[in-house]
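Full structure from sequences and hints, please.
Heads up, the sequence shown is in the numbering used here, so the first residue is 1 and it goes up one at a time.
Since the hints were made in silico from the structure, they are not lab data.
The structure presented is a predicted model; accordingly, all values stated were derived computationally and were not measured.
Among these hints, one or two may not hold up.
Claimed, not checked - Dumping the calculated BS3-like pairs for lysine-lysine here, alpha-carbon to alpha-carbon at most 25 Å: (1) K116 to K212; (2) K86 to K212; (3) K116 to K86; (4) K153 to K212.
As the list claims (entries may be wrong) - Quick list of the computed label-pair ranges, beta carbon to beta carbon: (5) A13 to D198: 52 to 62 Å; (6) D198 to E14: 45 to 55 Å; (7) A154 to L92: 24 to 34 Å; (8) Q108 to D198: 17 to 27 Å; (9) E216 to P25: 52 to 62 Å; (10) F115 to S18: 45 to 55 Å; (11) D85 to P140: 33 to 43 Å; (12) S9 to P159: 52 to 62 Å; (13) G207 to S18: 34 to 44 Å; (14) S18 to K116: 52 to 62 Å; (15) F115 to V65: 29 to 39 Å; (16) E216 to P140: 24 to 34 Å.
Beta carbons: idealized from backbone N, C-alpha and C, even for Gly.
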Amino acid sequence: MQEHNATDSDINAEAEVSAYLQQNPQFFERHQALLADMYLPSQHGSGTVSLAERQQLAQRDKIRVLEARLAELMRFGEENDSISDKVHRLSLGLLASDNFAVLLQLMQVSLLEDFKIPYVGIQLWSDSTSVHSSHPALRPCPAELREWTSSQKAPYCGPLPPVALPGMFPADATPLSCALISLRGERVFGLLALAAPDAERFYSGMGTLYLKRIGELVSAALISHLP
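Next up, the structure:
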């Protein structure tokens, strides 16, 4: 019991000292000799260091953390610039042709080669009245996939979804993660699927701004070709 009271007393005393020093920042100016005599345990090994040295070490640690954050922000900025350039090139490619089949080919080549996405697939809702109804992208689509796609308000990222994606990827593909983007105008009319054999390439919680923009570009390019 006495040990518990002593601990409480120590805590109270430390709080009082801390409060006093915060309220009286000029204390060490009046007692500069005290600074030279104060030694604290070293954070980086055995022994002790002076209070001034400890402050320098703490400041260096803060600087290292800030430098790491700055480097990370710069890396993200460079990555975003690179992605923006790729999206721009995709946009130019989609504007380069009015031919339905060529548009789909340009889109696929851009995503496969420029964005380095291993598997790219597209499923458009089939309609016997469409002049492009024989194109593989307009193959029959299960009702479950249509319903699931229409229910997605944002690009889906993560493992393969609970619905089947028949004919979306090559037969020998081994997708472990994917990004699924609804294609829409006034209504949903298809699905763009990007996938990779890397389970971490697309993951839940990742940023989807550029995926959404890609979906909007592809939707705008294709919608005029569909009934």
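If you check the beta carbons of Q108 and D198, does the distance land in 17 to 27 Å?
19 Å, holds
Starting from the hint 45 to 55 Å, judge whether the C-beta atoms of F115 and S18 obey it.
54 Å, holds
Consistency of beta-carbon spacing, D198 to A13, with hint 52 to 62 Å:
56 Å, holds
I want to verify a distance hint. Is the separation of the beta carbons of A154 and L92 within 24 to 34 Å?
With a Cβ separation near 26 Å, A154 and L92 satisfy 24 to 34 Å, so the hint holds.
How does the Cβ-Cβ distance of D85 and P140 compare with 33 to 43 Å: does it lie in that range?
37 Å, holds
Taking the CB of S18 and the CB of K116, does the distance hold inside 52 to 62 Å?
54 Å, holds
When you check the alpha-carbon spacing of K116 and K86, does it fall within 25 Å?
11 Å, holds
Okay, D198 versus E14 on CB: inside 45 to 55 Å?
This hint holds: roughly 50 Å between Cβ atoms.
Are the Cα positions of K153 and K212 separated by 25 Å at most?
OK: K153 and K212 at ~10 Å, within 25 Å.
Kindly confirm whether 24 to 34 Å is satisfied by the beta carbon distance between E216 and P140.
26 Å, holds
Determine whether the Cβ-Cβ distance between G207 and S18 falls within the hinted range of 34 to 44 Å.
41 Å, holds
Taking the beta carbons of E216 and P25, is their distance inside 52 to 62 Å?
55 Å Cβ-Cβ, so the 52 to 62 Å window holds.
The earlier numbered hints are all upheld by this structure, with none contradicted.
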